[in-house]
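J.: Heads up: the sequence shown is residues 1 to 545, going by the UniProt record's numbering.
Treat the hints with care, as some may be off.
Stated by the list, open to error - Here are the simulated DSS-like pairs of lysine-lysine, each with C-alpha atoms no more than 30 Å apart in a straight line: (1) K344 <-> K425; (2) K153 <-> K390; (3) K62 <-> K153; (4) K390 <-> K242; (5) K148 <-> K425; (6) K181 <-> K123; (7) K510 <-> K484; (8) K90 <-> K209.
If you're looking for bench data, these hints aren't it; they were derived computationally from the structure.
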Amino acid sequence: MISVDNLAVEFSGTTLFSDVSFVINPTDKIALMGKNGAGKSTMMKIIAGEQKSTRGNVRVPKDAVIAYLPQHLLTEDNCTVFEEAAKAFKHVFEMRDEMDKLNKELETRTDYESDAYMSIIEKVSDLGEKYYALDEVNYDAEVEKALKGLGFKQEDFIRQTNEFSGGWRMRIELAKILLQKPDLILLDEPTNHIDIESVIWLEDFLLNKANAVMVISHDRAFIDNITNRTIEVTMGRIYDYKANYSHYLQLREDRRSHQIKAYQEQQKFIADNIAFIERFKGTYSKTNQVTSRERMLEKLQIIEIDEIDTSSLKLRFPPSPRSGDYPVTVKDVSKSYDNHIVFKDANMSIARGEKVSFVGRNGEGKSTMIKAILNEIQVEGTCQLGHNVKVGYFAQNQASLLDPELTIFQTVDEVAFGDIRNQIKNILGRFMFSGDDIDKKVSMLSGGEKTRLAMVKLLLEPVNLLILDEPTNHLDLKSKDVLKEALSTYDGTLILVSHDRDFLQGLSQKVFEFKEQRVIEHFETIDAFLERNRIKSIAEINLMK
């Protein structure tokens with residue numbers, strides 16, 4: 001049991017949170033929630049021992065292991081993927097090597113009666129007791145299972161870690177954490193860089209094999225599936241619910257309703273007493289009553305109503321110009337890099353107004369197909385855009401393509417034409433950029449703010465084929481909800497690549513699955529596909545046990 005006692009963080013005269021106390025039990029699966037800036041990541045870092053609190057402490061039992069996966073990290077570059085993941089068992093290997101070293105020393109020494117000799121025997125005995133108490137484990141098999149579950153292929157195991165992107169390096173670190181089987185796993189946005197199949201594998205692992213878990217995530221389906229408790233950080237304090245995220249939202253709304261009712265009743269009580277005081281002030285016979293009520297009001301603790309994040313990303317896609325019947329036609333398309341085949345003989349026809357999803361593990365060709373459709377790369381076969389197709393494209397790295405030296409206003413102004421230039425401030429206001437914010441440089445913005453700004457640029461020109469490649473990375477739950485609502489009413493053709501199941505559900509009528517060098521068309525909703533995919537994926541992982 002890990003105990004958080006009277007935790008407080010203060011800086012520059014501002015209190016982030018104070019007097020926060022709660023207990024993490026051995027099997028708790030906790031979602032740590034709250035609006036951006038409430039202090040979630042700070043609290044997680046303190047529990048992980050990565051940051052100091054102003055006051056309070058975290059009490060951890062002796063020998064308990066806490067593993068922490070931050071949002072951003074880098075693994076070492078001097079070893080292979082398999083070697084890096086196997087460092088999860090470093091303490092076991094060090095224990096074994098130390099025993100071997102001590103036993104060899106005993107073989108060469110002859111001072112059998114000396115204190116030094118007896119000391120070595122005691123060390124060997126202590127290490128042996130700990131080592132042989134460990135469950136017998138095939139460490140190589142466990143590393144292989146974890147890496148494959150997180151999307152690595154067998155041939156990736158011998159590749160150097162520096163050959164992989166930051167997202168794949170994060171998977172390596174996640175594999176190390178899972179293999180350690182710690183008493184508490186702390187995960188800060190773990191699903192941002194992994195595909196749907198790997199998210200499903202991670203859910204299965206956390207539910208069935210992990211001990212206590214605390215997670216910060218904007219992936220609603222993920223946190224709903226794995227958590228049984230929600231701790232909300234708001235206005236410098238916490239609320240603790242024995243409920244998953246969706247149930248917590250209902251309970252939070254009930255709590256605010258009670259607070260509002262109690263606040264209104266208290267305000268009426270205060271107003272009535274002030275009226276009494278004003279009316280009878282100076283009346284000799286009422287002096288004691290007036291004084292008593294004044295003192296009572298001075299000591300009265302005013303009821304506070306919890307803040308809610310009322311900021312919203314109001315998106316309205318402009319009406320789409322009419323295109324031909326089939327905006328996208330792909331016929332017998334193949335793509336390879338050197339000896340690596342991405343996909344071969346792919347075919348697809350996407351009709352006007354159709355909303356489709358591209359799904360599959362990272363590296364199976366989803367983004368490559370989009371580049372082929374946009375004629376950004378050469379392929380074998382034919383990729384053709386239909387009559388009068390106007391494309392709007394949001395790439396995975398769209399936010400990073402913004403000029404860091406421009407201000408928010410300048411970024412939009414340079415792509416705005418005609419009368420729309422007179423409405424730039426209003427448009428930015430709808431995207432939560434207002435007042436002095438519009439004069440901030442892009443380099444000062446967070447990942448989520450850059451993503452919203454990139455979306456503003458995309459929406460200034462009417463399009464009838466919208467291609468979105470991981471648009472929800474760095475967007476909070478509120479922003480994703482509003483974007484999803486806008487996409488559901490979009491009247492053009494939509495191609496959507498996303499690993500966020502909650503965001504995908506209800507948005508597409510057809511699924512193109514990228515798997516094992518093939519593109520497979522499924523005439524079903526994403527909801528039906530994901531349910532079938534969940535069963536299949538877990539069954540495949542179970543075969544490896």
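J.: For each hint, tell me whether it holds in the structure or not.
T.: These are the hints, each one checked on the structure:
{"no.": "1", "hint": "K344 <-> K425", "in the structure": "violated, 47 Å"}
{"no.": "2", "hint": "K153 <-> K390", "in the structure": "violated, 38 Å"}
{"no.": "3", "hint": "K62 <-> K153", "in the structure": "violated, 38 Å"}
{"no.": "4", "hint": "K390 <-> K242", "in the structure": "violated, 49 Å"}
{"no.": "5", "hint": "K148 <-> K425", "in the structure": "violated, 48 Å"}
{"no.": "6", "hint": "K181 <-> K123", "in the structure": "holds, 26 Å"}
{"no.": "7", "hint": "K510 <-> K484", "in the structure": "holds, 17 Å"}
{"no.": "8", "hint": "K90 <-> K209", "in the structure": "holds, 20 Å"}
In this structure, the hints that do not hold are numbers 1, 2, 3, 4, 5, in rising order.
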